[in-house]
Amino acid sequence: MRPFLYQRATDPDMAVQALSAAAAANNPLTHASAQPLAGGTTLIDLMKLDVMRPTAIVDINPLARGWSAIEPGRDNLRLGALARMSDVAAHDEIQRNYPVIANSLKLAASAQLRNMATLGGNVMQRTRCSYFRDVSYENCNKRNPGSGCAAMDGVNRMHAVLGVSDQCIATYPGDFAQALIALDATVEITGRSGSRSLPFAELHKAPGNSPDIETTLQPGELISAFTVSGRWPRSVYLKARDRQSYEFALSSAAIALDVQDGTIRDARVALGGVATIPWRAREAEALLKGQKFDDGLAQRAADAAFADARGRRHNSFKIALGKCVVARALQQAVTMEI
Amino acid sequence: MTAAAPEAKANMGRPVPRYDAVSKVTGRATYASDMPLANPAYAFLVTSAISKGRVDNFDFDDARAVRGVIDIVTHQNAPKLKESKLFSNGGYAGTTIQPLKSPDIAHDGQIIAVVIAESYEAAREAANRVKVGYTVAAPSATFDSPGTTTAAAKGQNSQFKEDPKVGDFAGAFEAAEIQLTVSYDTPTQHHNPMELFSTSCAWIGDDLVIYEPSQYVHGLKNGVAEQLGIDADKVRVVNPYVGGGFGSRGSMTPRTAIIAAIAKRLNRPIKLVPTRDQGFTITTYRAETRHEIKLGASRDGKLVALRHEGAEVSSRPDAYCVGGTKTTTRLYACPNVDSLVSIVRADRNTPGFMRSPPEVPYLFALESAMDELAVKLDMDPVELRRINDTTTEPIGGKPYTSRSLMACFDEAAKAFGWAQRSPQPKSMAEGDWLIGYGCAATCYPTQMGPAAARVRLQRDSRTRVEIAGHEIGTGAYTVIAQTAAERLGVPLEKVAVFIGDSDLPPAPVAGGSNSTASTCSAVMMVCDQIRQRLFKAVMPSDSLTEKAKETVGISKAPSTQAAKSDRPLDLEKAFDALGVGVVEEYGEWKPEGAPLDSFRAMHSGHVRLVGGHQMKDKIAYAFGAEFVEVRVNRFTHEIRCPRLVGAFAAGRIMNPRTARSQLMGGLIWGMSSALLEATEIDERNARYVNDNFADYLVPVNADVAGVEVILLSEQDDHINPAGAKGLGELANVGTNAAICNALYHATGQRIRKLPVRLENIEV
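Chains as they are written, first to last, in this note's numbering: chain A, 1 to 338; chain B, 1 to 763.
So here's chain A without its partners, still in its complex pose (with noise of 0.2 Å):
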């Protein structure tokens, strides 16, 4: 690890200021020279393996006081960005309206990282493509821009298969961010020219010819709460994983559905551990809409959020398996008691 500079912000604009400090070295933000501090799960991890070499660390923790409250309303939920995974997935109100949200936080990580783990950091979280996390390797174009990417043909197997371009196939590991991004969340962020929001779904950007621009964040801006409209019980979010906890998905789906009178009148679906970010399957919603299900519409809605998924030599299996988590997610979404 590489000395840095050790900053506490109490307030939000300290540490928004601190943040923004050196504008001419913080762009883009994933090569920032000044980076937040909340959970560190990711943070310290990636400055151990020398990958991430912020100058500045700051330390947003003391603004948990402001930011870290879990508020379901009659209509909407909001959760500030420095609540923990485990505390939210444990909210008896988020289990009963938002099993979405509350099963993708209790399906990831260990209980020790949910503990320390905020909302905010986790959708922040980045990928786990061994190439990216190996300095050794300087083929990497999230790492080093424009020099390769040594995972398109290496040992793939937990990569993309959806939002890949030729210049970068990493997965996006979280779970949680499916789950907001299937219900349509906004999120809300503090910067030096004040607060602002945005769709959920506009907060992370696919790879394309820049892999390492991996948000629209700013440098300087901190997310601040997320925000979701309506409720969602009739939500699951579903893992497939090597193993039965503590491990990243291969695939998952976080549906939510609204089902009257045995018609679909609104569903959402996200895919996990298969794309490059957050990926809502908007062709596989216009297909349930309206409709009566059945298994057939659940496989045919399955195929259209693959229909653009393309495999390499270790991860084409993904697109099976992933169209087998939609399908059977749906299945769970329709019957699940609510």
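Calculated from the structure, these hints are not laboratory results.
Here a beta-carbon is modelled for each residue, glycine too, at the ideal position from N, C-alpha and C.
Quick list of simulated restraints, FRET-style, between CB atoms:
(1) Gly-147/B / Asp-266/A: 56 to 64 Å
(2) Gln-299/A / Arg-386/B: 41 to 49 Å
(3) Glu-138/A / Lys-753/B: 29 to 37 Å
(4) Asp-45/A / Met-194/B: 16 to 24 Å
Using the hints provided, position chain B relative to the given structure of chain A.
Just chain B, lined up with the frame of chain A:
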């Protein structure tokens, strides 16, 4: 009695709690890197990012600018070290690839520089800032890679002397009513013990102390001395606790002598704690293997022909192989047997021992093939084993000293509920899950090596036992203390055990599951020497002395019955008669059939294990049977293993609690090996990819729902005075096959390549 402390059956010791339990759970137990050093400098390794080629240049400008950097050692300025031969060629080393000797690179992650600094953090930061220019050559990664060479193991590995064969395999196979030809693959695996591969070296004048997790302190001491060119008596290796070994710490790695020599030059203690990923390349590993099995049988299930051909990957310079055909050709009655083991050389670090080295890959192949044969015969796989059970091994016709294989099958089958199995594949399910039952035999050779011990008994019963054994998590302290307490007739809590220090009397490597048999046999012998002296003091007449000799078990027979009928000795009276306060004895024990140079070898750190099939007129193995339930999700194909049941017989069980713990760990390891563990190799550059605990998968608690260990009572008077067969490497052998056999039952699909992952299931 609790599940953790099973009741002692006949020929079992008491399930006393671990001697070191409190120390371990309170963190008081000191591991090698916990040892305090006076004003140490810290080392951090720079390892190669290529696996074949050479270092052209280093750029140290950024690294040297880091505050606290003392020195950077490379091949250009490294202390000169003498070469050590491979352990199997009379040396001590696990590899003959000696880093920092030249700019040449022979494998991924080879040590190319050592940064020395005032702090660990500075050393690590500076190491990260070292820039290296390479000339890269095209490496051969593994099987089928261009540039590998293949040759028979026999003739190039001194420990692999013979490809076992008997009868006329070709003719018998040709004529067999039922024929089966199948191939199997096992992956690269790494031990990943919790404790990292640290080394601390401190010189006091010309004397060197090494703190390092080692499974063989006397081997390491002598090996480092040889490399440094100093007298072995100047070197001491200390590690009272080892945080897991699994074979990875059995032979010397190059790092130790390098760190010792740098510490000498710097005139300062040095502490090295490599990272988890460096552990993948600076030590050994289990190499990937390939197998072809041919079985010929009669319609009633009798094996008439068996051939096992194995191929294993090794490094360019070293012909390491495990050659498990020595076991698989002898497990079942079969008159016509053939075998061949080959070694495939690639640009890799040298592989080495990993828990049950020969049996894990080779029995996976044989026990899977036996299940396939049972299916072909439409026969219960347990019955197929019964039909081919034997009391003599077929190659040399030697009798097994004891063999409870079928008793294990019957006990485990009962506990598991095997009778409830519906034999048809895909015939059992619950909800989303297909259910499969499977079983396999397990076995491991019984091995012993020469060992010495010193025991000191005080008038107040306080006892001190000294033997350079190793506590690698197995319970060595506990069973040695139990042995001494029982033998001397003193309370267990009066016994203090000292192990893990090369200044103590030598014991063999903690490998090959020999430790309990070897160390306890030596301790028993020395305890008997003490008792003889005491008996002589109180019973001076000749006849009584003779009686004393008999009752304390000087004869070769195990002492359990004799010990029971021992006359209680009044210790205080005996001490008074002797007129001393302390009696101390030292003794050297060697197993029957040990080579002539045994004791000389023991003191110079060379292993001389005897046992298994290498005994003169008998063969000694521990046996077991394992039954597993697997579940395969019919949608996602996720695989889970909710139940593992194993029954094992291993001679005298010294302590049912520690034995169960070992066997339970073995079953879990076996499940891990079948379903999770594999080191991924990037074939383009022959580098390990998933070299960390997040990506090298081992089971978490949620994956281990039910494990049942059944200890069978077994007495074997033909192995060693302790009457113990090693069981540390027994349980993880059969599990790979049992799980694949269960997967076949669940899905109807035969998977012959480990580990099995959800994408391999095609139901």
